[in-house]
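Visitor: Single-letter residue listing:
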Amino acid sequence: MKALRPIGLPTGLPTGLVTGSCFAVVLGIAFGAATASAKPVGPRLYCAHYDDTPACRGAVVSCAQCHTAAPDLNAYGIEIASALTGPYEDVLPEALTAVEGNDADGDGLSNLEELILGTRPGDATSFFVPPPAPSGNTNPRFTVGSYDAAFAFRRMSIAYCGRSPSYDEANAFASAADQSQALHDALDVCLASDFWTTDALPRLADKRIRPLGAIGVGGVIPLADFAWDYRLFVHALTGDRDARDLLRADYHIDVDGNVVDGVIAGDGDQQVGGQPLVVDKRAGMITTQWFLMIHTMFSELPRTTAAQAYRAYLGQDIARSEGLLPVDGEPKDIDNKGVDDQETCIYCHATLDPLSYAFAGYNGIGGSGGNGAFDNGRPSWTPSAVESSLLDVPLQNVADRGVVDWADVAADSPQFRQTIATMFMTHALGRAPRPDELDELQNLADRLVDDGYRASALLHRLVDSDAFGVP
Amino acid sequence: MIRPSCLFVVALVAVIGGIGPGCTACTDPVAAEGEGEGEGEGEGEGEEPPPPFAISTKNAVAWKRHHAVERDLMDGLALQKGELCNELGLYSCVDFVHTVPLGGNDPFVKSQYEPLAAPTVTTSVALERLVLSACVARVDKDVAGPAVVFTALSLGASPVTDVEADATAVILGRRLLQRDLEDSELAHLRDLTDDGEGNAVSARDYAVLACLTVGTMAETIFY
Numbered sequence: 001m002k003a004l005r006p007i008g009l010p011t012g013l014p015t016g017l018v019t020g021s022c023f024a025v026v027l028g029i030a031f032g033a034a035t036a037s038a039k040p041v042g043p044r045l046y047c048a049h050y051d052d053t054p055a056c057r058g059a060v061v062s063c064a065q066c067h068t069a070a071p072d073l074n075a076y077g078i079e080i081a082s083a084l085t086g087p088y089e090d091v092l093p094e095a096l097t098a099v100e101g102n103d104a105d106g107d108g109l110s111n112l113e114e115l116i117l118g119t120r121p122g123d124a125t126s127f128f129v130p131p132p133a134p135s136g137n138t139n140p141r142f143t144v145g146s147y148d149a150a151f152a153f154r155r156m157s158i159a160y161c162g163r164s165p166s167y168d169e170a171n172a173f174a175s176a177a178d179q180s181q182a183l184h185d186a187l188d189v190c191l192a193s194d195f196w197t198t199d200a201l202p203r204l205a206d207k208r209i210r211p212l213g214a215i216g217v218g219g220v221i222p223l224a225d226f227a228w229d230y231r232l233f234v235h236a237l238t239g240d241r242d243a244r245d246l247l248r249a250d251y252h253i254d255v256d257g258n259v260v261d262g263v264i265a266g267d268g269d270q271q272v273g274g275q276p277l278v279v280d281k282r283a284g285m286i287t288t289q290w291f292l293m294i295h296t297m298f299s300e301l302p303r304t305t306a307a308q309a310y311r312a313y314l315g316q317d318i319a320r321s322e323g324l325l326p327v328d329g330e331p332k333d334i335d336n337k338g339v340d341d342q343e344t345c346i347y348c349h350a351t352l353d354p355l356s357y358a359f360a361g362y363n364g365i366g367g368s369g370g371n372g373a374f375d376n377g378r379p380s381w382t383p384s385a386v387e388s389s390l391l392d393v394p395l396q397n398v399a400d401r402g403v404v405d406w407a408d409v410a411a412d413s414p415q416f417r418q419t420i421a422t423m424f425m426t427h428a429l430g431r432a433p434r435p436d437e438l439d440e441l442q443n444l445a446d447r448l449v450d451d452g453y454r455a456s457a458l459l460h461r462l463v464d465s466d467a468f469g470v471p
Numbered sequence: 001m002i003r004p005s006c007l008f009v010v011a012l013v014a015v016i017g018g019i020g021p022g023c024t025a026c027t028d029p030v031a032a033e034g035e036g037e038g039e040g041e042g043e044g045e046g047e048e049p050p051p052p053f054a055i056s057t058k059n060a061v062a063w064k065r066h067h068a069v070e071r072d073l074m075d076g077l078a079l080q081k082g083e084l085c086n087e088l089g090l091y092s093c094v095d096f097v098h099t100v101p102l103g104g105n106d107p108f109v110k111s112q113y114e115p116l117a118a119p120t121v122t123t124s125v126a127l128e129r130l131v132l133s134a135c136v137a138r139v140d141k142d143v144a145g146p147a148v149v150f151t152a153l154s155l156g157a158s159p160v161t162d163v164e165a166d167a168t169a170v171i172l173g174r175r176l177l178q179r180d181l182e183d184s185e186l187a188h189l190r191d192l193t194d195d196g197e198g199n200a201v202s203a204r205d206y207a208v209l210a211c212l213t214v215g216t217m218a219e220t221i222f223y
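Sequence order for the protein chains is A and B. So the first sequence is numbered by the working numbering: it starts at 1 and just counts up by one. So the second sequence is numbered by the working numbering: it starts at 1 and just counts up by one.
Read the hints as simulated data drawn from the structure, not as lab findings. It is possible that some hints are incorrect.
Okay, derived cross-link-like pairs now, DSBU-like style, lysine-lysine, Cα gap no bigger than 30 Å in a straight line [to be verified]:
| # | chain 1 | residue 1 | chain 2 | residue 2 |
| --- | --- | --- | --- | --- |
| 1 | A | Lys207 | B | Lys110 |
| 2 | A | Lys207 | B | Lys81 |
| 3 | A | Lys207 | A | Lys281 |
| 4 | B | Lys81 | B | Lys110 |
| 5 | A | Lys337 | A | Lys281 |
| 6 | A | Lys332 | A | Lys281 |
| 7 | A | Lys207 | B | Lys58 |
| 8 | A | Lys207 | A | Lys337 |
| 9 | B | Lys141 | B | Lys81 |
Away from chain B, derived, C-beta distances all over 12 Å, residues of chain A [stated by the list, open to error]:
| # | residue |
| --- | --- |
| 10 | Val189 |
| 11 | Asp450 |
| 12 | Pro471 |
If you want the footprint, here are the derived chain A segments under chain B, 3+ residues with CB under 8 Å [unchecked claim]:
| # | stretch |
| --- | --- |
| 13 | 132–139 |
| 14 | 159–168 |
| 15 | 198–206 |
| 16 | 426–435 |
Ideal Cβ positions, reconstructed from N, Cα and C, are used throughout, including at glycine.
Bound conformation, chain B alone:
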């Protein structure tokens, strides 16, 4: 099983720091702050060297709001709206419970006539909740079969081979980020086949972890 603390660290790093050069065109201040936190908590890689290519100097990434994030998850993981996060099985995370931190607003009940201008401290938590729920739903459906997304894994088996991990990562990159992942990103995701203490994780847990990691990268909500 995936330890909750491990999940949190992975998600936090992925959400606010990104893995690899996930946001090569921006130097967003939110992302910049997150990089430091993530490294300090466990990565231990020190300060990243400057990118070997030109980066944007506009500092003007946009926040992808709730419904676009929701739609991208639905498209990427081949899920219906009702299969995404519902708190208590009743209340839509996107349309009701986490609407505001995900970038939406409620004009009719809360008289909130404009959405927040920038993400809040709970945005990453809400995003993680949404993405994790979607990933678990997709993995469960693929385990029940026929597999739609995790077609490169033997979901009932363990451990996951590097070939399987890379193939899965490529699929997730194309489905969730609409691009091919960099080699460095594939290497990061390959690390998820191990729980950090030398034990192999199950294929099912790897599928959830890889999905959560790719699905909560900075470019999931910034563009």
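Okay, chain A solo, but in the shape it has when bound:
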């Protein structure tokens, strides 16, 4: 279980007073008038109790586990609320246990069964029934129900070479003395193919880079060049490289594939198309000129930038109430945007704002040094007035270090491993992993550490998995 950070919520809830929608206030923001210290503590407490369930593996459970739209509760949340017998923080684990045998959403699976499967116990449309074992005579073409090397070979070829194996290749594979070796040899060839490096991998980067041709180099109003981003993404996830370079690279990749360090000149006062950061302010994909320009734009506190980094590389989408780990005393509303005015803002900003402080020293569009430059004149507030935090780890001296420490914490987190494994598994299967495949997904994420975070090693493990190779 992860040690919880003290958050200073009021205690002393009278037993029996919390029911139904009233619990929403309790669950989300404690009692009484909303203040800057009120925040959703449920996800952190929940994952401390159920740390080995799919919703908490490499993630912080989404508010949607108990809420329809916070603070409104779903059926599971209402059951938990009804089971509370004392102060929320003290008795939530007991309440969670008390309702494990119930079936809150009436889908035929108990709450505990759903937690173990990774489906949502408060949503009747979210359930999983394992497929029955295939029955009947031997299938002439597939080994249904168990690992089929020929099926895996075909899937591998389409996924990583971008084509089906030819008739002759399929026959040669079928007669190979060691099909496993043949599969992995072929995978190595595919992972070096133009399809993988110039087509499939860049498409996995799209939603992380979020290019926009009109303001890219060559566009109508060029502001930055996202080609740098695509090259770094592919570089970090090919060869025997460490995938953590997605977040920790202090270099760039030029058009010829060479590693280049330091400032790269661009055009005009805003250095458009270049890379304005010195090495010690670089942090992989989240400090390229494009990433900072497109997300920060004119913001003094780059919340969108931090949220996209959190979403793209740690799999936590704050807009979907994911990854909420509120920091005590937040949000401070340091830039006077009114994010501490309403409970519904506080829910997310108690997590989001501390994530964002580390990005505040970087320009978006304009500013001294050009688009995406580190500007000592930013931000307007005193650095000591805020405390930066990521995944419950306080970050020191972000005014000087920028997001370098943010990226280090992120790169070594289970959230990053889970995100990388999920990205590749989803691509390979053409769909999200299902509940009976989550153990294999977890294994892929965990083994990244042993494999030096090499994407190639993960993919070699993936093609051996039942999720990949069982038709």
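Take the given structure of chain A and dock chain B to it, following the hints.
Guide: Just chain B now, kept in the frame of chain A:
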């Protein structure tokens, strides 16, 4: 000549229903819906009996996306990228016009950062357009000679014999589906030598029809 309505029915049946046991490892819901439609429109064979062998219960076929389909057509029909479908002779069907229904996405202009999760109602139409274009291109090249794919046919002659039809079907199965066709599939394709009204189709038209039918079977885009 091939009547357009005939082409459409053949392609529709082939795309979403498959012919014969073309997808023996899956019970894909998309394919399952299509089977009913195809039979209702003209095949008249009633509900198919359950397969005489074990089938997958995972219901998890994957969608082969645009570039893999394109590459398979190029490899299978020995065509270059530029010889595949170009609308108005200018715009690539795969890279531009029909990218989305064929499973791709356009991040740079349309800000579409992820492809569709599942095929749309226009996927089968776009696939038919792509495959038909490729088949016509290959047949035209083979007519001009030397033949590369339709080597078992006398493309200037009519009618097509069963032997020629079977030999052509075997070639197409190996080139486009990377496998040997089942006897039942060969029989279906043999039917294409007749226009349905007792008239023999030309060798050239048979070549296009057989190519389109094999090239739009469910396993062309699901695996």
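Visitor: Mind listing which of the numbered hints don't hold for this structure, in increasing order?
Guide: 12
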